[in-house]
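A.B. asks: Residue numbers (my numbering), protein chains in the order written: chain A, 1 to 344; chain B, 1 to 280; chain C, 1 to 294.
Simulated from the structure, these hints should not be mistaken for laboratory data. Ideal Cβ positions, reconstructed from N, Cα and C, are used throughout, including at glycine. Keep in mind that a hint or two might mislead.
[Unchecked claim] Derived CB-CB ranges, DEER-like:
#1 Glu148/A to Ser36/C: 39 to 47 Å
#2 Ser299/A to Arg29/C: 56 to 64 Å
#3 Arg267/B to Asn11/A: 19 to 27 Å
#4 Glu25/A to His102/C: 29 to 37 Å
#5 Ala16/C to Asp272/B: 43 to 51 Å
[Said to hold, decoys possible] Within a straight-line C-alpha distance of at most 25 Å, the following computed SDA-like cross-link-like pairs (lysine to any residue) qualify:
#6 Lys14/B to Ser150/A
#7 Lys35/B to Arg89/A
#8 Lys14/B to Glu38/A
#9 Lys107/C to Val274/C
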Amino acid sequence: MRSSLAIETRNLGRVYKIRHGRKSEPKELVALKDVNLEVPRGEFFGLLGPNGAGKSTLIKILSTLLLPTSGVALVDGLDVTRDMVEIRRRISLVSGGENSGFGFLSVEENLWMFARFYGLDSRDARQRIHEMLEIVGLADRKHTRIGELSTGLRQKMTFVRGFIPDPNVIFLDEPTLGLDVAAARDIRAFVKDWIRRYPDRTILLTTHYMAEADELCDRLAIIDRGQVLACDTPANLKRSLQQDTIYLLRVAPPDSKPAPNGTLESVPGVRQVTVAAGDGYSELKLRLAGDDALGNVLSHVAAQGSTLLSLEKREPTLEDVFIHLVGRGLSEDAPPNGAQGSDE
Amino acid sequence: MNAEGRVYKATGIKLFWRMLLARAYPRFVSPIREKSWLFFETFLPLMATSAYVFVYKAVDAPPEFIGFVVIGGTMSAFWLNVLFGMAMQLYWDKEIGNLDAYILSPGPIMAILAGMALGGMVVAASRAVFVLVIASLAFQVTYTISSLPLLILVFLLTLLALYGMGMMFAAVYLAAGRDAWQINSLFQEPIYFISGFYFPVKTLGFWFAAAASIIPLTLGLDAMRQILFSGDPALGFLPVEVEILLLIVLSVVFLAVSQWALVTLERIGRRDGRIIERRR
Amino acid sequence: MRSSLAAFFSARNHRALRTFLTATWLGWRQEASWASAPVFALYLILRPLSSVLILVVMYSVITDGALEQPIFAYIYLGNALYILVGQLVGGISMAVVEDREHYQMMKQIHTAPINGYAYMLGRGIAKLLLGVISALVITGVGMLFFPLPLHPAAFDWPLLITSMAVGLTGIAALGVIIGALNMVIPRHIGSIGDAVAAALFLFTGAIFPLDVLPTWMQSIGFALPITYWLEASRRALLGPDAARFPTLAHFDDLALLQVLALGALGFVVVSIVVYRWAVYRAKANDLIDMDTSY
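This is chain A alone, in the form it adopts within the complex (with noise of 0.2 Å):
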């Protein structure tokens, strides 16, 4: 009977021994520890997490790249480390930022190529080929050598290889990383289209982008160091911290430097602050208990000789969720940590 789950992984672990010199002790370093995911076919699921959070060791597990250490995973209802060869018929895998092909083959060329490497007719292959090609606007393209082709247009070609063998799960691993805001609507525009049409088809996809994960998935796992931190659908994760209340404030310290942000903490009723350096000023995110909590931290900005430039009560957003859960922005380092991911 065929697994109403897509993908399924139960106490998934991954370590990595690293070996600094040639004769040091391996180290361990935990990438992913007792991850338990669910997704159901026909889900767009997301995986959110900072650098070293273990996304791409998880795609690496599920698309057969890697092998667990410990617990199961679970891809179309095949086990990855006995049904490699099932699950790879089934699956395709898009990096962003990824170069592959061969630059003196055209675009059509290449995607032919790869197409057979998936057992397709060479008819079906063409056809196919056309029409994605011309979905997401490369079918002037298709002629043209691919060591000619800008990096972005590279890119979509590699993201259009992943969909030509028609996988039941696809995973995308980062793919609008260095695209321009054009291009990476069009490849948006195109998995949200592609979902629609093929309702029994699945995606996971890992982003740094909040708003891309905001707008595409059903659902998400927020991830770090290894471990799943949150996993719903994007309104309930925001739901979550709506008794909280956002504040962005913009202060103009009088030495131009940054407010202590770590006096802010102190203050009764802030739960979390995060500074942004701006042009002569500091931009504060506060999540604090209440409204009530605000007449404090004005009090507080003011008796630091800061100036206040602007205040905004906002609704929270992934972000906010992400700063929550992890303690830190998503563009902001883990700090040096043995159970912190190396893989990515």
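Once you've looked at the hints, dock chains B and C against the given chain A.
C.D. replies: Chains B and C alone, transformed into the frame defined by chain A:
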């Protein structure tokens, strides 16, 4: 398309064959697309072969020795192709990011390697024919062929065993980093020497030649020269029939070892997380 | 005077010299990055030893082992010296391909305030040093196991040093020419520098006297400084034992050096022109960071 509206995907032998031809395709078209390859891989080897011919001329060697060099130079096209276009190719594919696509495809990587071999053989053959024809005409080499079918058989078996060895190297180099390139280069001239590219291998003595027979070109060159210059006493380290038998054994062994090595490496690669990692 | 000297020595900071030294360091680090020292040692010795053994066997099988003939020393030493050509030309030209396609740092090199020509030269120096080791080992093997009439006390050292300095300059320039061509063509299956060096084996009288070649091919040999470098170096090493063949016998040592210097200078000039052309063409046709993806 099948009844469920899904794309039909071949399996088994049909998939193997499709993968093989698909991977051979870039090899077939590359000399047409990048014409500079043709110059560097035809004229330059012809000059290198000629240099050895003139060494024999400088020491007044009998004319058949010039023929031996021409045959060695012709077959060097395949040897270089196996070294740099076959053994190194999976490593290069890893470097440019194609390897993960090969691995993720549902067919065996052996089909990819077989495709590289077929494409490589065809391209190297064009270079070999060029060297053979031009050098034979320029240096007026006379061939007395004892049996054309036997010659073709030996030639094909030599290629099978040689490319089988290339596949084995390709699998092994997959595990290596940049060292692969250097280790690979290590083989070029020593094999020219021990396999007797420019002189009859019999000159090196029976036991040396026997040890060198692990390289299919040693047996292949000796057998081909025996057929092409029949009756020359400098040739015939072993009878042609024995050399054919040994070439069959080598083909089977190399192909089996490469299959085993690929499976093993993929397993180790998946276990250690090094399967497609680029190491600069 | 003092200040001009100081200025000269402050040339350590000069762009070209700084580039050259850094590139030499990089090349050396790359060569020293071998995983296994024994494999590296094999690499240094086995390849050149094999190529010389091919010639020894070819020669022996025809002459029935008459190794004391001057032509044997001619062939043997020519082959040993030619290792330097292969290493220098192959090393410089291959570095371009490696930097572009393997390390993918061509963009960084061409946007850094460095002297690109000096960089290319420097990248090949480590290979030259390794070539010197190989050539010394092969020559040592020749003295120990074959009757090569080599006696260091009898070497014509001034001739040897001069021919090496001038000859290697010309050969390095040839390496830059091939390296520059590599900048505008895709990566080939093998190393083009090695292939060119192997092909020039034919014209330079490295392993057989030019007299053996047809006249039209001899004229190519006469146009290459490598031919005169090999002859001058052989004369410096073998002294009166050096085999003299009609083609170059009428050149005395000084004339040989003069022709060599002129040829080397010509190669240097051509290399500068070709290098500039290649950089221009690579930039005009967007080939600087080309990825052959073959």
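A.B. asks: Now, for every hint given, state plainly whether the structure supports it.
C.D. replies: Against the structure, the hints come out as follows:
no.	hint	in the structure
1	Glu148/A to Ser36/C: 39 to 47 Å	holds (41 Å)
2	Ser299/A to Arg29/C: 56 to 64 Å	holds (59 Å)
3	Arg267/B to Asn11/A: 19 to 27 Å	holds (23 Å)
4	Glu25/A to His102/C: 29 to 37 Å	holds (31 Å)
5	Ala16/C to Asp272/B: 43 to 51 Å	holds (45 Å)
6	Lys14/B to Ser150/A	violated (35 Å)
7	Lys35/B to Arg89/A	violated (37 Å)
8	Lys14/B to Glu38/A	violated (35 Å)
9	Lys107/C to Val274/C	holds (20 Å)
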